[in-house]
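Protein chains: 2
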Amino acid sequence: MIKFTNEELKIVKKLEILKNEAGSHSPSVITFKQKLPEVSIRVDACFLSNPYATELFIEYFNKEILSSGKIRDLLESYPSQNGVIAEILAAFMNINPKNIFIGNGAIEIIQAVIHNFTEKKIIINIPTFSSYYEYVKDGVEVVFNELSKEDHYTLDIGGYISLVKKHQPDTIVLINPNNPNGGYTKIADVQRMLDELSFVKNILIDESFIHFAYESETYKLVSLTHLVERYPNLIVLKSMSKDFGVAGIRAGYGIMRAEYVAALLNNGYLWNSNGLAEYFFRLYTRRDFALKYEQVRVKYIMETLDFIRELQQLPWIKVYPSMANFVLIELEEGIRSTEFVAKLLISYGIYVRTCDDKIGLKGQFIRLASRSRQENEYIISSMKACLAMNRMPDLIHESVN
Amino acid sequence: MIKFTNEELKIVKKLEILKNEAGSHSPSVITFKQKLPEVSIRVDACFLSNPYATELFIEYFNKEILSSGKIRDLLESYPSQNGVIAEILAAFMNINPKNIFIGNGAIEIIQAVIHNFTEKKIIINIPTFSSYYEYVKDGVEVVFNELSKEDHYTLDIGGYISLVKKHQPDTIVLINPNNPNGGYTKIADVQRMLDELSFVKNILIDESFIHFAYESETYKLVSLTHLVERYPNLIVLKSMSKDFGVAGIRAGYGIMRAEYVAALLNNGYLWNSNGLAEYFFRLYTRRDFALKYEQVRVKYIMETLDFIRELQQLPWIKVYPSMANFVLIELEEGIRSTEFVAKLLISYGIYVRTCDDKIGLKGQFIRLASRSRQENEYIISSMKACLAMNRMPDLIHESVN
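If you read the protein sequences in the order shown, they are chains G and P.
Its first residue numbered 1, the first sequence is counted upward by one per residue in my numbering.
Its first residue numbered 1, the second sequence is counted upward by one per residue in my numbering.
None of these hints come from the bench; they were simulated from the model.
As the structure is a computational prediction, the values presented were derived from the model and not from experiment.
We treat Cβ as the ideally placed atom computed from N, Cα and C, and that holds for glycine.
Please note that a few of the clues may not be correct.
Straight line, CA to CA, 35 Å or less: simulated DSBU-like cross-link-like pairs of lysine-lysine [as the list claims (entries may be wrong)]:
hint, chain 1, residue 1, chain 2, residue 2
1, P, Lys220, P, Lys358
2, G, Lys70, P, Lys14
3, P, Lys166, G, Lys137
4, G, Lys358, P, Lys186
5, G, Lys201, P, Lys137
6, P, Lys137, G, Lys98
7, P, Lys33, G, Lys121
8, G, Lys120, P, Lys120
9, G, Lys384, P, Lys166
10, G, Lys98, P, Lys13
11, G, Lys201, P, Lys120
12, G, Lys10, P, Lys70
13, G, Lys137, P, Lys121
14, G, Lys201, P, Lys121
15, G, Lys165, P, Lys137
16, G, Lys292, P, Lys35
17, G, Lys19, P, Lys358
18, G, Lys70, P, Lys121
19, G, Lys292, P, Lys70
Derived list of chain G stretches under chain P, where covered just means 3 residues or more per stretch with a C-beta under 8 Å from a C-beta of chain P [unchecked claim]:
hint, segment
20, 107 to 115
21, 167 to 177
22, 208 to 222
23, 244 to 250
Construct all of the structure, not just a fragment, from the sequences and the given hints.
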């Protein structure tokens, strides 16, 4: 059991209020700084983002936008329309621009697709990213496919295909790797699913964490975007926030059948990219940037693997298998996740996501992001100390505070 | 008649293609640079934006974000959620935060409101900003109220109220001042309308250009936002792009009844602000910024008045009355607007909006934005030369080229 001083208990109360206000998501660090100034965040391990990619982007941004004075254009002028940015991506990704929809973050595309194209029934694997069920319109039936704890919350593809055939939904969602556990479904299994489920109108595959997954020892990028022409019911969504470390920019894309892109653009989404996002998308498609990005992507994957190995050595926690840049951790021995999260934050300045609000998880869970190597080391040593505290007799514990 | 060399004619053709691709809006300057590099834009008089406000914003941005190194946070981290930013605005605007919806540009709010709350019939004054009729859902009847050329395209409030009573729409739209002509409806008239039209479910007032309008000699700001509590059917929309000169940031807000805000946030729009927009909104509510902004707002209004007076002196054009930062100009003596726009662009690098695609305008029209004093002077002298060319005999004209 984790103990708190009276001062700390006050902060715990405030933390709970802040979390409730943010609904099924975590309050942002900016909101945090404003509303809970007594807590100083040293490591944001709630935040799913490659810090080395952020550094790379800032290096380009400094050189090409700030030093050149182009920043004024970027702030002052209207960015290009959706279709213009789609064209830039199309050439790079070798996809017809008519199949590309640019989003103000992937979440705008989740919203657009689910509001416009999901009419009757949606099947969602849980645990999941909550917006997938929160954004459905009134009258749409939501069927939850509870991933099995015994299978480490990974998808049993055969059972899933049978379930979809039984329920006959118009929309299914697969986040790959999944959030919040990082469970990965191999491309071969996804293709089997696509082959067997051609009757489903919308198969949403969310590849927001796909840059951290791999099927070969060289960590080669995997993706399904090229299959949209072959499977017209496939919709691939991609946030750029995580792998490129630019959540503040709000950039994402969706690859989907041309009729869907046309329908969306026909009555909306014209100028939904800002100047920073347009610069990012142009950079994303450049060979010089792509080569450097590949280096920081692989570097981060390798460090994340080290981080996970270290976590697996810690006592009283269970680390679930992950192919993403985060891990789902189950706290054992009666440790409560809200208390553990509060202690890490108050005593160590480490901001971690509690998973209490995640439906489909049975137990005390937290989700921990991999950060820079230095930050990961700090997380490991703090977790160690925090977990050790749990085992200390009350007397010693109280004198520590 | 305006003449072109063969080289120029090729550019004119490309211009037409570019304009067609952009639909009922103008291609952005970035798109322009990319697709028509042979034309160099010296003054973007298509662009409705206060350049002095842009300078003020950049001054703050340099000092507070770039020099301090906070730029990394802004690019890397998730911005605050919609409701958190609404709270910041609420305190400044003295409006309940439950009535504030933050948009990724005003256009996102136009789309959200019209998609979600307009069910049957909408009345739109024309000429107008095209998204208002383009974004209506299938099955919604659009009634155009054609503003009268004889009345200089200003709104006859009495006639308008009668028309709305006759048609019984669920939504009406008033852009005030109107785009593309700048026609202004006084607050007293709008209030009369609100009093008489309580049966209309949604009265949309678009105040995107309201900072350029005034009813007193001190140019004091006018606005209807405070009336939302009194008239629950009033929805005030506001783009920040024009008056604050930050179109690249994508920032806007809507003031509307709490049920509408709740309905929108209930299934979407959670992280629709980017890091730059959040910084802008926080700045917008600060007294030090507000005081400086007021100075550049009034400065720009006064220069715009000078600009309009100069334009009124030019031959062969008719300048329509405007309370915005642009004027609608009718070309006379057989001058064609596409040709005039092409000539200004090719020979003088001045980018002006043709109004050929604006329904409800009868004649050859362009819309001309007020820019900095220096740019306005250049626009005037170039217009003069361009108009004079129209009167030159063909022989002389050809030898000039």
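We went through each hint and held it up to the structure:
no.	hint	in the structure
1	P/Lys220 with P/Lys358	31 Å, holds
2	G/Lys70 with P/Lys14	26 Å, holds
3	P/Lys166 with G/Lys137	34 Å, holds
4	G/Lys358 with P/Lys186	52 Å, violated
5	G/Lys201 with P/Lys137	22 Å, holds
6	P/Lys137 with G/Lys98	22 Å, holds
7	P/Lys33 with G/Lys121	46 Å, violated
8	G/Lys120 with P/Lys120	23 Å, holds
9	G/Lys384 with P/Lys166	74 Å, violated
10	G/Lys98 with P/Lys13	24 Å, holds
11	G/Lys201 with P/Lys120	29 Å, holds
12	G/Lys10 with P/Lys70	30 Å, holds
13	G/Lys137 with P/Lys121	22 Å, holds
14	G/Lys201 with P/Lys121	31 Å, holds
15	G/Lys165 with P/Lys137	33 Å, holds
16	G/Lys292 with P/Lys35	28 Å, holds
17	G/Lys19 with P/Lys358	48 Å, violated
18	G/Lys70 with P/Lys121	44 Å, violated
19	G/Lys292 with P/Lys70	24 Å, holds
20	107 to 115	holds (count 4)
21	167 to 177	violated (count 0)
22	208 to 222	violated (count 0)
23	244 to 250	holds (count 6)
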